[in-house]
Amino acid sequence: MKEIKVDIAVVGGGPAGLAAAIAAREQGADVLIIERDFELGGILHQCIHNGFGLHIFKEELTGPEFAQRYINRVNELKIPAKLDTMVISISPEKEIIAVNKIDGLLRIKAGAIILAMGCRERTRHNILVPGSRPAGIYPAGLAQRLVNIEGFMPGKRFVILGSGDIGMIMARRLTWEGAKVEAVVEIQPYPSGLIRNQVQCLKDYNIPLILEHTVIQVHGHQRVEGVTIAKVDEKWRPIPGTERFIECDTLLLSVGLIPENELSKAAGIEIDPKTKGPIVTNFLETSIPGIFACGNVLQVHDLIDNVALEGTRAGEMAATYISRKLEVAESKISCLPGTNVGYVVPQFISSRAFSDKITFFMRAKKPQRNVYVEFIMNNQQIYRKFTKFALPSEMIKVNLPPLKDFAEKISDITINIIPKGEEGQ
Amino acid sequence: MTEEIFDCCIIGAGVVGCAIARRLAQFQLKTAVIEKGPDVCCGTSKANSGIVHAGYAAQPGTLKAKFNAAGNPLFDQVCHELSVPFARIGTFVVAITDDGIKVLEKLYQRGQENKIPKLQIITDTQKIRQMEPSLTPNVTGVLYAPTGGIVSPYDLTIGLAENAYVNGVQFFFNSEVVGIDIKERYKVIQTRSKEIKTHFILNAAGVHADEISRMVGLDYFTITPRKGEYILLDKKCIELNHVLFPIPTPISKGIVVSITMEGHIFLGPNAETIEDKEDKSTTTEGLNEIIEGARKLVPDIPVNEAIVTYAGLRAVSDNNDFIIEPTKVEGFINVAGIQSPGLTASLAIAEYIVELLENLGVKLSVKPNFNPIREIPPRFATLSNEERHQLILRNPDYGHIICRCEYVTEAEIKAAIHRPLGATTLDGVKFRTRAQMGRCHGGFCTNRILEILSRELQVPIEQISKKGPKSELIVGKTKDLWRITVEGN
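Residue numbers (the working numbering), protein chains in the order written: chain X, 1 to 425; chain R, 1001 to 1489.
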């Protein structure tokens, strides 16, 4: 079996992996990208709509354009990439086994590993949508690939279950292709994707968004013939008498994304049951020292710019680790989600970072307006930040000033989202 | 119309039809299997519990009891010959009350009457929990049947069919039987596209067996579909060592928690009598019933790990037993009403059919060149890394993983298409290779498999279907819809 030694191996050549590889290489590390597809760029290639890069490049790029900027930089830096190569295992000793047609099995011994495997789509079965099992049921991302990359239409008349961003973007895309999108059906009382997509993809094309409804039955033996939808109560149970049949030949699902952590779990990396991604410190280091995580494998992002920025940070941290400058933490404190907070990343702060500014990402559980994000330590509010909206669909980013400025005795932090006027109570 | 007259035509390519076909392939007979669907194993045989029952459950004296007891011991050799994974992991009937123990005793007695070996009632709850740590703490006792096992029902059906085929049995797919003419010397089976002449007909048409029987004027039984829904959970989501049954109900063995040969956990089935023989839909009520039932056995079932839900139809006859007999119509044999434990019974039923044919005067001479062995291409997922490496050096397609959840390579998918009775549909690839069967359920690999099927079968991608005609996945190229609209105007 062929063996490769490298400072840093990056698993996944999507935006997170590319950004991480570039950052690590720029710090002088030897980097290898391992990508299972035939080209770098990941899911961005099928995201041919614009709206990427506003934060990083201050301009609106399409997915492929955004990816190309990183691919160009990878080429400039001559970062090697193994394409068409699938990682099949990662060991805690940072040994990767990968497979491709040319090398057969490859053993890659890395000083550090960056996990950037992205995420997968939740399926119809994950959410137990009942009914028959005909052809014509696709996760929205698969339909997007078929339409935008392969050039095929998966149907003519669509119902989309779930108002995730991909679902709404596909509603518009399919309409452009001459297909009829009968409705986007969302179980929650609010859309689960970005507001801008609701406006630009649904409203502008008169595609109905039916809130507080779900698909209670799929019809058709060979091909989808329609779906029955119904209104749901607050516990998401269908309300009898509200059933409605919608004729269609295709059902797309945009009902959430799951970080793809099978390799991480098999390596013994601790997973946060809330994010379904690895538990990391503020250095984006997982529970195994020297293995870092970034992008959608760590937490499902809604903006590609944040994915890339997280990748950059993971790359820098891995390079620091390699150069033995990432000091081992004497201790670490926990950062816990509190009131109306679904999850928090990072889950831990290293004692070596108490003098650093820490960037937190979190999601609200319920939508609220005019809120404070407050940080509680030793029953004291140590910091708060006002934000106009706290929406589950939009990740909240807060920079917490250095902890040592707040307290003598630093201990675990709880983060709450509290309506203005109720903070610190 | 072909002039050829078959000796035996089997209607239905489920596990029973294919088991009979493979058994008849051992003799110098011209045998054919006629199947409505596009592939073998399109009905009940692909959607059942995959349990090889020990045989204590069936009422003594019934055909179910007879063929269950006789079928179970045949699995080791047949599965070995066909390279079909099979494991006697043992089954538990779980009692959670003292009354439950009494039922276990009754089942044990029944097992003795059915001559089922090695049955044992265990009431040492500590020992039970050691054997099965995920089991409910409420357990009061179990009936342990070590000869019970698990097999993939579609692996077995496909294995039987392939082996029958390479030994000379013909298969006609997409061939729904619409009529049967009885001539003086033979019978003519009519499908929508052809007529097939045969001396004997073996009616193994599952839920449709009563309709086939009526085609020759025999209207003495009806088959009522009884639907069972299932939920399959991701691998290793709980630790499980045995098949777990609850105390049985009057109509079914109850909602099972079990493990598949690949390590997935499955829950189900419920039992609902329905009218529509094509209705394989799952329902909210059904899925909830399964979850509730499963939780009685394993309280911590992680339902959020569900990767697929499905339903199958049991073919229930009026007297609730198998109907396996020659009829008033000479040469027409019913093999009907094969519900649970039909999978276990299938191999023994095939043996019995041989006996029946012999008694009916069919001359059975052994085919000297019959090859009982079915070889399958290596499965990447089950090999060691060194074996994988060597394999890729010999065949680079083994280095291209198409299904990332189940680690299925391009080599295996190509082989599934080009094998005897190879796959022509997405489902055909799925049941032969496991590609699309994992946690993402085709989200990643569907388009890749479409492409391989299209390339290997040399048909346009628009013609590739999930499960035969009218289930194509692609409706056209992008911009086609505009073309239609504009031209239509």
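One or more of the hints may lead you astray.
Stated by the list, open to error - In silico contact screen, one side only, chain R against chain X (beta carbon under 10 angstroms); selected entries:
| hint | residue |
| --- | --- |
| 1 | F1221 |
| 2 | E1275 |
| 3 | D1279 |
| 4 | K1280 |
| 5 | E1285 |
| 6 | V1298 |
| 7 | D1300 |
| 8 | V1303 |
| 9 | A1311 |
| 10 | H1441 |
| 11 | V1459 |
| 12 | E1462 |
| 13 | T1478 |
| 14 | R1483 |
The hints are simulated quantities; they were obtained by calculation from the structure and are not laboratory data. The model shown is predicted, which means the values in this text are computed figures rather than measured ones. No residue lacks a Cβ here, since even glycine has one placed at the ideal position from N, Cα and C.
Tested hints:
{"no.": "1", "hint": "F1221", "in the structure": "violated (25 angstroms)"}
{"no.": "2", "hint": "E1275", "in the structure": "violated (15 angstroms)"}
{"no.": "3", "hint": "D1279", "in the structure": "holds (8 angstroms)"}
{"no.": "4", "hint": "K1280", "in the structure": "holds (6 angstroms)"}
{"no.": "5", "hint": "E1285", "in the structure": "holds (9 angstroms)"}
{"no.": "6", "hint": "V1298", "in the structure": "violated (18 angstroms)"}
{"no.": "7", "hint": "D1300", "in the structure": "violated (14 angstroms)"}
{"no.": "8", "hint": "V1303", "in the structure": "holds (8 angstroms)"}
{"no.": "9", "hint": "A1311", "in the structure": "holds (9 angstroms)"}
{"no.": "10", "hint": "H1441", "in the structure": "holds (5 angstroms)"}
{"no.": "11", "hint": "V1459", "in the structure": "violated (14 angstroms)"}
{"no.": "12", "hint": "E1462", "in the structure": "holds (8 angstroms)"}
{"no.": "13", "hint": "T1478", "in the structure": "holds (5 angstroms)"}
{"no.": "14", "hint": "R1483", "in the structure": "holds (8 angstroms)"}
In summary, the structure is inconsistent with hints 1, 2, 6, 7, 11 from the numbered list given earlier, while agreeing with the others.
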